[in-house]
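Participant: Protein chains in written order, with the numbering used here: chain A, 95 to 309; chain B, 95 to 309; chain C, 28 to 361; chain D, 28 to 361.
It is possible that some hints are incorrect.
Unchecked claim - Not everything, but these chain D residues come out facing chain C in the computed CB check (under 10 Å): (1) Ser49; (2) Lys229; (3) Val241; (4) Ile251; (5) Asp260; (6) Leu274; (7) Ile299.
What the hints assert, rightly or not - PhoX-like, lysine-lysine: derived pairs with alpha carbons at most 20 Å apart: (8) B/Lys213 <-> D/Lys277; (9) A/Lys187 <-> C/Lys142; (10) D/Lys142 <-> B/Lys213.
Just so you know, the hints here were simulated from the structure itself, not pulled from any lab data.
Keep in mind it's a predicted model, so treat the numbers as computed, not measured.
Glycine residues also receive a C-beta, built at the ideal position from the N, C-alpha and C atoms.
Here's the letter readout for the chains.
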Amino acid sequence: MNSFANRDGAVVVREMIRVIGENRAYLSEIDGAIGDGDHGVNMDKGFSLCLSRVDWETADFTTAMKTLSRILLMEIGGSMGPIYGTFFDQIAKGAKDRERIDGSAFSAMLGSAASEIEKLGGAVRGDKTLLDSLLPAVEAFDASFEETGDFAKALTALQAAAEEGRESTRDMVARVGRASRLGERSRGVLDAGATSCCLLLNSMAESVKELLKEE
Amino acid sequence: MNSFANRDGAVVVREMIRVIGENRAYLSEIDGAIGDGDHGVNMDKGFSLCLSRVDWETADFTTAMKTLSRILLMEIGGSMGPIYGTFFDQIAKGAKDRERIDGSAFSAMLGSAASEIEKLGGAVRGDKTLLDSLLPAVEAFDASFEETGDFAKALTALQAAAEEGRESTRDMVARVGRASRLGERSRGVLDAGATSCCLLLNSMAESVKELLKEE
Amino acid sequence: MQRFVNDPSMAVEDMLVGFLKSHGDLVEGTENPRVLKSRTAPVKGRVGIVTGGGSGHKPAFIGYLGRNLVDAVAVGEIFSSPTAKAFYDAFAAADGGAGVACLYGNYAGDNMNVKMARELAEEDGIRVMTVVANDDVPSAPKGEEKKRRGVAGEIFMWKAGGAKAALGGSLEEVIAAAQKAVDNTRSVGVGLTPCTIPAVGKPNFAIEPGTMEVGIGHHGEPGIAVTDLTSADEVAKSMVDIVLPDLPFKEGDEVAVLLSGLGATPVMELYILYGRMAALLEEKGLTIHRSYVGNYFTSLEMMGATLTVMKLDDELKELIDFEAESMGLTQFGR
Amino acid sequence: MQRFVNDPSMAVEDMLVGFLKSHGDLVEGTENPRVLKSRTAPVKGRVGIVTGGGSGHKPAFIGYLGRNLVDAVAVGEIFSSPTAKAFYDAFAAADGGAGVACLYGNYAGDNMNVKMARELAEEDGIRVMTVVANDDVPSAPKGEEKKRRGVAGEIFMWKAGGAKAALGGSLEEVIAAAQKAVDNTRSVGVGLTPCTIPAVGKPNFAIEPGTMEVGIGHHGEPGIAVTDLTSADEVAKSMVDIVLPDLPFKEGDEVAVLLSGLGATPVMELYILYGRMAALLEEKGLTIHRSYVGNYFTSLEMMGATLTVMKLDDELKELIDFEAESMGLTQFGR
Ligand SMILES: Nc1ncnc2c1ncn2[C@@H]1O[C@H](COP(=O)(O)OP(=O)(O)O)[C@@H](O)[C@H]1O
Ligand SMILES: Nc1ncnc2c1ncn2[C@@H]1O[C@H](COP(=O)(O)OP(=O)(O)O)[C@@H](O)[C@H]1O
Ligand SMILES: [Mg+2]
Ligand SMILES: [Mg+2]
Ligand SMILES: [Mg+2]
Ligand SMILES: [Mg+2]
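One chain only, chain A, in its complex shape:
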């Protein structure tokens, strides 16, 4: 199939929770190199709360995304609360009232998520933030989907671009957030937010590809 049912999609959120849990220490370690070493803790705090708040038997894609978004927005604070909260809020909004989610719906969700995050946080590409994973990933998805019309293929393109984007932060100098304090010394290590964003995009892509296969 070239779309998945909203009703089946909560698994996408449950998988992201698992991935963040598994990478808690790794993300904090990356943040520790040039930030304050709490990115994994911050993320896992929000994501793990979500595990017990969603009724996985009944929740659909929209509900699970909405719940995750609300928890991040309402209970996490910092910058990651509102930024990832906005991310998943835009996805939930894009999925609302849709029985099935297809490639163009997915493209619209990601697109508005990225632009809302840009607006909210004021960072731009190259500032060494999660946008350096997210923006290329969204563009790659759109280009591939426009060319092929194939949702799954576009997701694979997204994954490759997100990883490339994450790697690209290694050679960037941080211009926003705590790491910006280090100037040139922030070069040479990955950005924590770009790494978590890549993990999340990867996980979403894998989950959705499974859903597309199943039907």
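Starting from the known structure of chain A, arrange chains B, C and D with the ligands on it as the hints suggest.
Facilitator: Below, chains B, C and D with the ligands alone, put in the same frame as chain A:
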């Protein structure tokens, strides 16, 4: 000679000022082990002030001692201000109106200095204070002077006893002053006040012996 | 790490317990454990004053809860913005029907969380207007003032807003007064040592002994220059020289001055700095109407200081002199 | 040494310049540069309150100069008693004809200098009576209370004495009130890091990281035990367990509590300690009538805290609740 002229005696004070200046860091270091590490600074502040307050061309022993005493009492504070202020005040008082200072005058001065300090501070021998240098030194002076009638010899006895007294504080447990709250842990190091007192007595003895030789 | 903590990740919770215990006459908790309010709030018909921010800045932010000052505070993790929900709940706790003035500092997280909270509150019919303190001169060049961080100048903003609300000002008037305070306030910070977030366990930046970082932020954000640590008089001069030309302050101006320690610098040394700063201000023809010297806005156990100067007019003078009672600032009216 | 000083041996002088500049509404200088007085003193017919001690303890001692508190202060070098002359001049500055209550802490130097100053003052017809604070429990065993140091409990002594004088008490009554405050007050300090006197340039004692020194004095005088630095809750318990049995405080007592930082410990952590201490006191059946948490009596940039508990009766309650205005302590009357 067996006495020195009051008019020549200001050098005794000037030498003490020099000795305290030279031992500023050393005295603070000793104080640091069981006190608050400022004994050298405290002492040098008062003594060095005295350097510019005395007219060394005209001052005699009495005037120089009186000036030192007043500076310590009025301008130095701490414990050392009143204690050493009292010390030199008693010496100045004992020398007042004397053209020459002989061994029995010197003995009287030191004796009243020691007893006034005992009264003021309430410490007794064995409390690990400067009294543990001063009291044995005074006794040794008196014993030797009584026996030999020789001022210079008595001064040498004073020096030996002061040093022995200073060393004796190493094995004492402080019972007054800041160090007293240490209990057993104050054992094993010299007392700062006993060390400065020994330095001062030594310096006085050497200066007076020079004066005795000269004439 | 020589610190008094239990589980470091619960440091803020543990702190709030003690704070509420000690200041129960002035402050109380709310249903949201991360929102504290003044016992006097809300007053029907009086504008509510809200602020919030990361923890670790004592007395800021909760220390300014009290009479004629701040009515409710959203409490974040150490050096991390409170949640949107905390801001929202603080708005609700402070609202006496006349609207809420949210007076906070210019940090990415706070901007985002306040923005979202405000949307929620307005859906619920609570009017919220904001003033964003941006008094920290070195954090962006002239012409880009909007990018500057808020530092200890926030205290003048709260003082002005809180007094205006107590005097019966409308929301627009309270906002105008707080904005006037911010517009007339400039600050600079100098850092001498870093600080350690207990949950992290090691300093999250470094300052070489013998050097100082001029223009440092309240969380160790980078300054504009790392120089040799010179005498207090020279440090005072370089701080005054950054603050005065920026507004600019000019001969004849009356000013309020706040010199805050960053945490571990002995207050004695703040007075050493202040003596020189006051002389420099007076040499430039400024009149110091009122001064505050002490630990008013700190960064855990950082060593260093921030200088804040506010240009006064009759209104700001009345507001700054107004009686106030809180843990961080208690003064009789003049 | 990351510190704001000019010539380290002039640190006290430089500090006094800034202090007088900042607090000119409350405090003024005298002919003796080492004596500061409250602007409200002397009041004809009112007992004058004098204290004094070494510098480096801000707000103590000069920070308690003001309305209904201390009238004149003799200022010493850092951690060193003021001169006899300074105490004498402070007596003269505070005397309104009804005599002077000299309320100070039990340190050898202060004892000697006060004694000499008192002799001078009495020659001049100024009546001086003294109370010597000795609230620090670990500094000498029970039965030898007279040997104990005075620490933050001095603040309660000044508060009681200052209020009693303001209420028109005679010299004997003021002395009795201050003595009652001292007799009912017990303290203990815990040190986590040493401090450096700028003129010395290096810490004058050491505390191994990971350990704490229980019973430490305000100048780093060694404590009774060096133990592992445990959790805030455990530290709170060990401090309470030293203070309470000594008086002893018993079920049903009303108390005032003062938890002071030693300088560099973040105030956040004082609240963490206080939360637990308050719970422990309440578990023992004590009622906390009033609490003070903050940097009230410090030791330069030492990390650590002192706990002070005073047992109250009706008189002490009235005195502790009395209105007061000073740099270190400003409170509205109750
Ligand atoms: N304005 C911003 N826009 C987008 N991402 C940002 C922004 N500021 C910071 N980030 C991201 O946040 C990450 C750090 O997150 P985290 O460590 O959880 O928060 P904090 O910096 O408050 O400790 C950075 O790696 C960066 O990718
Ligand atoms: N009551 C006392 N009588 C005599 N000497 C004393 C007394 N108290 C303290 N001392 C001496 O004072 C010395 C410390 O002096 P110093 O360091 O200058 O003063 P402080 O203890 O105030 O820092 C001690 O080593 C001790 O010899
Ligand atoms: Mg963080
Ligand atoms: Mg981080
Ligand atoms: Mg000493
Ligand atoms: Mg000393």
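Participant: Determine for every hint whether it applies to the structure shown.
Facilitator: Hints, verified against the model:
no.: 1; hint: Ser49; result: holds, 5 Å
no.: 2; hint: Lys229; result: violated, 12 Å
no.: 3; hint: Val241; result: violated, 13 Å
no.: 4; hint: Ile251; result: violated, 19 Å
no.: 5; hint: Asp260; result: holds, 5 Å
no.: 6; hint: Leu274; result: violated, 22 Å
no.: 7; hint: Ile299; result: holds, 4 Å
no.: 8; hint: B/Lys213 <-> D/Lys277; result: violated, 40 Å
no.: 9; hint: A/Lys187 <-> C/Lys142; result: holds, 19 Å
no.: 10; hint: D/Lys142 <-> B/Lys213; result: holds, 11 Å
When the structure is compared with the earlier hints, violations turn up for hints 2, 3, 4, 6 and 8 and for no others.
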